[in-house]
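A.B. asks: Letter by letter, the chains look like this.
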Amino acid sequence: GAVVSQHPSRVICKSGTSVKIECRSLDFQATTMFWYRQFPKKSLMLMATSNEGSKATYEQGVEKDKFLINHASLTLSTLTVTSAHPEDSSFYICSARDRYGKSYNEQFFGPGTRLTVL
Amino acid sequence: GENVEQHPSTLSVQEGDSAVIKCTYSDSASNYFPWYKQELGKRPQLIIDIRSNVGEKKDQRIAVTLNKTAKHFSLHITETQPEDSAVYFCAAPKGEYGNKLVFGAGTILRVKS
Chain A
5 GAVVSQHPSR
15 VICKSGTSVK
25 IECRSLDFQA
35 TTMFWYRQFP
45 KKSLMLMATS
55 NEGSKATYEQ
65 GVEKDKFLIN
75 HASLTLSTLT
85 VTSAHPEDSS
95 FYICSARDRY
105 GKSYNEQFFG
115 PGTRLTVL
Chain B
7 GENVEQHPST
17 LSVQEGDSAV
27 IKCTYSDSAS
37 NYFPWYKQEL
47 GKRPQLIIDI
57 RSNVGEKKDQ
67 RIAVTLNKTA
77 KHFSLHITET
87 QPEDSAVYFC
97 AAPKGEYGNK
107 LVFGAGTILR
117 VKS
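Residue numbers (our numbering), protein chains in the order written: chain A, 5 to 122; chain B, 7 to 119.
In short, the hints are calculated from the structure, not lab data.
Note that the coordinates shown come from a computational prediction; the quantities given were computed from them, not determined experimentally.
In this text, a Cβ means the ideal position worked out from N, Cα and C, and glycines have one as well.
Hints are not guaranteed to be accurate.
As the list claims (entries may be wrong) - Computed list of chain B residues with no C-beta within reach of chain A, every gap over 10 Å:
1. 25
2. 59
3. 112
What the hints assert, rightly or not - DEER-style ranges, computed between Cβ atoms:
4. 61(B) to 91(A): 39 to 45 Å
5. 11(A) to 116(B): 30 to 36 Å
6. 104(A) to 47(B): 26 to 32 Å
7. 75(B) to 21(A): 48 to 54 Å
8. 106(A) to 23(B): 20 to 26 Å
My request is simple: use the sequences and hints to build the entire structure.
C.D. replies: Structure below.
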C-alpha cells in the first residue's frame with residue numbers, strides 16, 4: 005500500500021519549452037502532496053505544498069509563475085515547469101500524505117523525474 | 007523555522023560494524039522525526055520514525071533515539087551489510103501545522119565487505 009507514481013521518469017526538452025510532471029497516489033487519497041527538488045548528491049529541497057482544491061503554497065524563493073502546481077483531485081498533482089532553462093535541470097520528486105493513514109506526518113515519495121533542459 | 011543539521015556527511019564502516027548518524031533540530035515544538043534511505047537514482051524510503059513521546063524505537067537492526075532536551079536524534083544501524091550502503095536523510099516537521107518536512111543534508115553510508 006501507499007504507492008506514489010510519477011510520470012515521466014525522465015524528460016529532455018529544449019530551452020523555452022514547458023514540461024508537465026504528474027504525481028499520483030495509486031492506492032490512497034492525498035489531500036496534500038509535496039514537490040521537492042534534488043540536485044546531485046544534495047538533499048531534498050521543498051519547493052511547494054500542493055493542496056487538493058486550493059492554491060499551492062510555495063517556499064521562499066520559489067517562483068510560483070515558473071513552477072505551476074495543480075492538485076485537481078485527491079490522487080493527482082501536477083507540476084509544470086514553464087519556459088524551462090538549463091538551470092531548471094534537476095531531479096524533481098513528489099510525495100504524498102495518506103488522508104486516512106495512521107501516521108499524520110508520514111510522506112510517501114514518488115520515484116522522481118529527471119529533467120534535463122538543453 | 008526549523009533547521010536540521012546532520013552529521014557526518016560520509017561514513018564508511020566495515021561489514022558487521024555499527025553505524026550512527028546524528029541530527030540536531032532547532033524547533034523545540036517538533037514532534038516527529040523520520041529517517042529516510044535513498045539509493046542512487048531511487049526514491050527516498052522511510053526506514054524508521056519516532057515521535058516525541060518516546061525516547062527510543064527499534065526495528066530489527068535499525069534504531070532511533072531521541073533526546074528532546076538536547077534537541078537531537080540519532081539513527082543506529084547494527085550488524086551493517088553491503089545493502090545498507092545508501093544515502094540517509096533525517097527530517098523534522100516545519101510549517102504552521104507541522105505537515106511539511108525539512109531534511110538534513112544527508113549522510114553517504116558505505117559498508118565495506
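A.B. asks: Against each hint, give a clear statement of whether it holds in the structure.
C.D. replies: Each hint tested on the structure:
1. 25: holds, 19 Å
2. 59: Residue 59(B) is indeed farther than 10 Å from all Cβ atoms of chain A, at 13 Å.
3. 112: violated, 5 Å
4. 61(B) to 91(A): 39 to 45 Å: holds, 44 Å
5. 11(A) to 116(B): 30 to 36 Å: holds, 32 Å
6. 104(A) to 47(B): 26 to 32 Å: Given range 26 to 32 Å: holds, Cβ gap about 31 Å.
7. 75(B) to 21(A): 48 to 54 Å: For residue 75(B) and residue 21(A) the Cβ distance comes to about 52 Å; the hint holds.
8. 106(A) to 23(B): 20 to 26 Å: violated, 34 Å
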